[in-house]
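There are 2 protein chains.
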Amino acid sequence: MAEVNPSQQPTVPAAQAIHHELRNAENSAAFVLPTLQSMKMSNPYLALLDVGAGSGTISASFAKALPDGHITAVDLNPNILPRARAVAEAAGVTNIDFQQADVKKLPFADASFDITFCHQTLTHMSAPEDALREMLRVTKPGGIVAAREGDFETEAVWPDLPGLVKFHRFAAELMRSAGGTPTAGRQLLSWALEAGAERSKVAVSFGTWSYHTQSDKDTWARGLIAVVKGGPMREKGLNAGLTTEGDLDEMIHDWEKWAASSDSSVAMLHGEILIQR
Amino acid sequence: MAEVNPSQQPTVPAAQAIHHELRNAENSAAFVLPTLQSMKMSNPYLALLDVGAGSGTISASFAKALPDGHITAVDLNPNILPRARAVAEAAGVTNIDFQQADVKKLPFADASFDITFCHQTLTHMSAPEDALREMLRVTKPGGIVAAREGDFETEAVWPDLPGLVKFHRFAAELMRSAGGTPTAGRQLLSWALEAGAERSKVAVSFGTWSYHTQSDKDTWARGLIAVVKGGPMREKGLNAGLTTEGDLDEMIHDWEKWAASSDSSVAMLHGEILIQR
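Line order of the protein sequences matches chains A and B.
So in this note's numbering, the last spot in the first sequence is 277, and the numbers never skip.
So in this note's numbering, the last spot in the second sequence is 554, and the numbers never skip.
Don't read these hints as lab results, they were simulated from the structure.
Computed from a predicted model, the values in this text were never measured in an experiment.
Where is the CB? At the ideal position from N, CA and C, for every residue including glycine.
Incorrect hints may have been included.
[Stated by the list, open to error] Label-pair ranges, simulated between beta-carbon atoms:
1. B:Ala455 x A:Ala30: 34 to 40 Å
2. A:Glu26 x B:Ser492: 30 to 36 Å
3. A:Pro162 x B:Ala363: 46 to 52 Å
4. B:Asp387 x A:Ala260: 51 to 57 Å
5. A:Pro162 x B:Arg476: 53 to 59 Å
6. B:Glu366 x A:Pro162: 49 to 55 Å
7. A:Ser200 x B:Gly507: 33 to 39 Å
8. A:Pro82 x B:Gly523: 24 to 30 Å
9. A:Pro67 x B:Ala455: 29 to 35 Å
[To be verified] If the Cβ cut is set under 7 Å, some of the chain A residues that face chain B in the computed set are:
10. Gln99
11. Asp102
12. Trp158
13. Leu161
14. Leu193
15. Ser200
16. Lys201
[Stated by the list, open to error] A few chain A residues that don't get close to chain B, going by computed Cβ distances all over 10 Å:
17. Ser126
18. Glu153
19. Asp160
20. Thr183
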């Protein structure tokens, strides 16, 4: 669920969306694609629900992968929907629609979808197992629920500049203070079992993302600097007393230094589950 | 470099080797294989050096991948060599030989090998950049140096039982006290540049390993319990005052509990570099 300033222009991504919009099905849902392809062979008219779709870049690539299927993309934040529609239009896909919805109470009948997917959504929730239970409810028997969540505690940044160490602690603390889980990736299986899935019907895998080329590092640092400089992280962090102006300045300085270093990189584990409904 | 009790029988793997012998080129050197295949197209007689080969399971699978090539596998510990030869014999490969050697002073002329490889070797060394410099020295111009190292700080274990939290801290401390680096994976690029590689000639990637099926978890827990119960970790840890009998018992208890949990898994990031010589 992208956090977006309500005052933003719909066609201009907010600071946080710079990162979110790097995502597509190939880099963020590769663990689902083989199953998707094999389901498509027996039924090209698959209905896929993308929960917490944000600006919809992953949803749009699912729409391309399922030209005869239909994608329903939902997000808790209604302000992101115009941006998501613009992203889909720019991608040239029409087999998709967007609506506001809360994953805790999805406005869909039982067994509505063949595939229910989320990415980097459960990590922000205080009761992720309830969300998975709801995702299982709206999924057809024989369908799948697929989730991929980062495990922020495994974030590996080099060089370990002091401002980046502070950033990591601050970001984890901020996530926890909002009810989120910085170790979501490793807990997905556990949440799936709490949501009622049988162990034998859950396939577990782990993926990575990393940035180490100059252009990827520039994009990554630019996005983080934007949220630390004037975005929601600054405001929320200062309001909650989790950081100081001085620390925020050090974070900005060190992300700039990091991006300019020849030996820098950032990588993180993602947990992945595929639940057979 | 496997740490092996000198008194062990050569054909019976020591406790630590239970893990090491799960490794092969497919699961531990996948990032090298496409380059290996393309080099093999122009020269089937490739010479590959595997540094810190331990019991040689990765070396043996390189030997299979290069039937007309030749593998030289070295390890600092001469006591592992009989085991490594037995592994190669069991794998049915003969285009391989093993010898004792120190990566800091490799007994080979400059430009002897087309591919020089190591896995989980630099993480144990106090001057990994010197090892990479030496690996570059023995590699032919046009050849490659490939390294893959775990990043132990990213180890993600669930459930986070108290004994496993203690185990993680203890293992990292033990590694550091022996001169090793628990964040090796993220530092590989930095070490390569210190060793004299040009940034434009280093390709960076990150991989994962994880255990989450019942049989993999049983193997993993059995291996760790063996080293904590009576292997080198217990002895070294107690001698260095890094742990207590009580803590070690708690670690054993909780690895057993972990293996028996339906929601358990362990995953870790690995850093990978390919240096064009």
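A quick look at each hint next to the structure:
At about 37 Å, the beta-carbon gap between B:Ala455 and A:Ala30 stays in the expected band of 34 to 40 Å. Taken as a hint, the range 30 to 36 Å holds for the pair A:Glu26 and B:Ser492, whose Cβ atoms sit roughly 31 Å apart. A hinted range of 46 to 52 Å for the beta carbons of A:Pro162 and B:Ala363 is consistent with their spacing of about 49 Å. Taking 51 to 57 Å as the suggested C-beta distance range, the pair B:Asp387 and A:Ala260 does not conform, at roughly 34 Å.
In this structure the supplied range 53 to 59 Å is violated for A:Pro162 paired with B:Arg476, their Cβ-Cβ distance being about 24 Å. For B:Glu366 and A:Pro162, the hinted distance range of 49 to 55 Å is satisfied, since their beta carbons lie about 52 Å from each other. Range check, A:Ser200 to B:Gly507: about 35 Å between beta-carbon atoms, so the 33 to 39 Å window is met. Hint check: A:Pro82 to B:Gly523, Cβ distance near 60 Å, so the stated range 24 to 30 Å is violated.
For A:Pro67 and B:Ala455, the Cβ-Cβ distance of about 57 Å falls outside the hinted range of 29 to 35 Å, so the restraint is violated. Interface restraint check: A:Gln99 against chain B, minimum CB-CB distance 33 Å, threshold 7 Å, status violated. Interface hint at A:Asp102: violated, since its Cβ lies 26 Å from the closest Cβ of chain B, which is beyond the 7 Å cut-off. At a threshold of 7 Å, the smallest CB-CB gap from A:Trp158 to chain B is about 4 Å, leaving the interface hint in force.
For A:Leu161, the interface hint is violated, since its Cβ never comes within 7 Å of a Cβ in chain B; the closest pair sits about 13 Å apart. Interface restraint check: A:Leu193 against chain B, minimum CB-CB distance 5 Å, threshold 7 Å, status holds. At about 10 Å, the closest approach between the beta carbon of A:Ser200 and any beta carbon in chain B exceeds 7 Å, and the interface hint on this residue is violated. Given the 7 Å rule on beta carbons, the hint for A:Lys201 is violated: about 12 Å separates it from the nearest Cβ of chain B.
Against the 10 Å criterion, A:Ser126 stays outside the reach of chain B, whose nearest CB is about 18 Å from its own CB. Remark: the non-interface label on A:Glu153 conflicts with the geometry, its nearest Cβ contact in chain B lying 7 Å away (cut-off 10 Å). Annotated as non-interface, A:Asp160 brings its C-beta within 10 Å of a C-beta of chain B; the closest such distance is 8 Å. Its beta-carbon lying about 7 Å from the closest one in chain B, A:Thr183 breaks the requirement of being farther than 10 Å from that chain.
The structure fails to meet hints 4, 5, 8, 9, 10, 11, 13, 15, 16, 18, 19, 20 from the earlier list, while all remaining hints are met.
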